[in-house]
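Engineer: Given next are the chains, with one letter for each unit.
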Amino acid sequence: MTQPDMAGRYLGVVVGGSISQGIEVKLEGDASVEEVKVGAPVTIHGERHRFFGLVTDVALEATDPHVKSAPPNGEDSFITRVMAGTAAYGTAQVQPHLVLPLVAGLSGSPQPAKAVPAFFSRVHYASPADVALVFGEEDDRHFAIGSPLDLEAKVCLDLAMYVARSNGIFGKSGTGKSFLARLLLVGLLQKNLASALVFDMASEYGWQGTSERGSGYVKGLKQLFPSRVSIFTLDPDHAQRRQAPVDYTVQIGYEHVEPEDIGLLRQTLNLSDAAADAANPLQRHFGQAWLRSFLRLKGPDIRSLADDLNLNQQALAALHRRLERLERYAFLVDSPAGDPVAAILQSLARGDHVVLEFGKHKDDLTAYMLVANLLSRRIHQRYVQQKEAALGDRAREPRPLVIVIEEAHKFLDPQVASQTIFGTIAREMRKYNVTLLVVDQRPSGIDTEVMSQVGTRIALGLDDDRDVDAVLAGVRGGRELRSALARLEPQQQALVFGHAVPMPIVVKVREYGDATYAELGRRGRRRASEGKQGAEDDLFG
Amino acid sequence: MSRFGEIIESSSTVFTAQCYHLYEGPPLGALVWAGTGPRTIGVVCNITTGTLDPGRRIVPRGAQEESEEEVYQSHPQLARLLATHIQAVIVGHMEGEAVRQYLPPAPPRIHAFVYACTPEETAAFTHHFDFLRLVTDAKDIAADEVLAACLRSAAACHPDPADFLLRAGKALALELTDDVPRLNAILRRVRP
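Protein sequences, first through last, are from chains E and F. The numbering of the first sequence is our numbering, which starts it at 1 and goes up by one. The numbering of the second sequence is our numbering, which starts it at 1001 and goes up by one.
Treat the hints with care, as some may be off.
Selected chain E positions facing chain F (in silico; Cβ < 8 Å) [said to hold, decoys possible]:
id, residue
1, 60
2, 63
3, 67
4, 70
5, 75
6, 83
7, 85
8, 86
9, 286
Derived by calculation from the structure, the hints in this document are not laboratory data. Since this is a predicted model, take the numbers as computed values, not measurements. Backbone N, C-alpha and C fix where the C-beta goes; we use that ideal spot for every residue, glycine too.
Build the full structure now, drawing on both the sequences and the hints.
Structural biologist: Following this line, the structure appears as structure tokens:
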């Protein structure tokens, strides 16, 4: 579908409104009411200031009730054309977000709008220059994620601001969450601002992912940045079948599983509170290897253990039964071949992104949550140690880390968020240089306190009202953004707002495919060859 | 027909001219002008023909005649006893090339010659539409019909009549925002 380029088109004049409700604009000129879309960026030329805002609503109005009660005959094009824009006209509601003094020219930076434009100020669709002024141009910290509606211009995220907090990508299934997350990870590689650890449930990020267009494959991070992405896997056979290179096969020792990990699996293992809580006394009883020791027990032994530890027999038996499922996991072993945490930290310290693929466990939420929580906890511990050891010396601090988790509401639901490492990371912001990128389809399931710490939210299509409410909770002008969010196209359109963008914006997400690989991969190569990583032999050399 | 009569009655908003020849005046809605210095522009809003002598009632004369023409031929005095008057609502004035679509400071004088506007003059004057309100607001005339007639005849003087009517219609719509039925009625009378 070709879209009209609306750059700089005259839309109409300000005829009313308020800072809280938004500005009412009477549509004039040759802009058809059908071309003005919710979410479109506009500029308003006031007497002394230029305002930047978003269209939040579009309405049809009439000067006289007779227009509605006795409309002109639809076949009478003359009367219809005369009435259009005069007796019957369109209005747009515009929420001003930013303001720039007119005298500052192009050099000043926009500030949050605390005033409204004067009556009859002229309103135009934003131009590429306006978009660049507001969102910055691609440079060492700005990464283009797409273009505004009907406009050939680049909307950039300030990635330095982005990694300073935990962030979220929300959207129902099939809207392109992984696609967008992969794009942002490319951005982090390009700008060399942080390393990422991706818990890649469906093996979408590392070597190749399924195309958003439904058929075929797109290149994963490793293909774009071969020397800067390490692929770890829990299932080497799966990787071999896909002919995807693997840098490290992860094995996890039973002794590394903590009661906290089991607490998190309460839902997926269908554990009662009593059963899940029994893990703590077990660890006290058996010590570090509690899980292995506990799983070796047979029926009568479990009952006598329950008596010894003063636990409910049935609860302990249930815990045993459910935990037996963990024995099916090939990656869970008594004596692991190496320390995956050390390997991951080594790669991260080099500035690499680490993608952990789950292979055949892609639909197994228990495996996903267990591994993600366990590894993240231990990595976080190391980061805390390193950061504290650095004593404020920036050069010795660990490189910023972004942990990417999918199905995040399972980790961050109000019942478990206070107990999991992810709840802790979300709350402490980047105190220890670790932040989260949560990718989720049910934001309403995420603890509100965690949600309030999410710095930049990117919302793709969401159907459920509760999810929409959750994504917009605590956001200024949330009510107005709601209409834009509700009308996103099912794919490739996203509402971006929060810390890393100066104002909310609806973007058509940038292409990721054959045509753009070179562009996406290019910056990383140059930076890698310039940087300390030494000689690199990336794909686009 | 350029000069067709003289003013016999004049006020700030309307003037009446008597045509030199019976029935030979411009049609309803036509633009006319009168006066020197600022030329007062009017839109023909009423045309009347009647006896010049209020004491003599007009009686039928054609009972034995075959056609209307023969009535006038048989009674040549009729051309002297009867007269055609046109009334024009003043819609502005012109000073040289400058068009002013508001009332002139003074109305045209009695006996001022009255001319029909040429197509060029009509096109020049109707380039803007501020005069519409002077017609829609005029009292005691069939304002909607006059306006419709005026726009129809003016359209013919513009290179793109359809575009002219659309622009005029939109201007009129802004004048009649609170009376859409009236707007509709006028538009139906001017649509191409």
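Engineer: Check each numbered hint from earlier against the structure, then list the numbers of those it violates in ascending order.
Structural biologist: 1, 5 and 9
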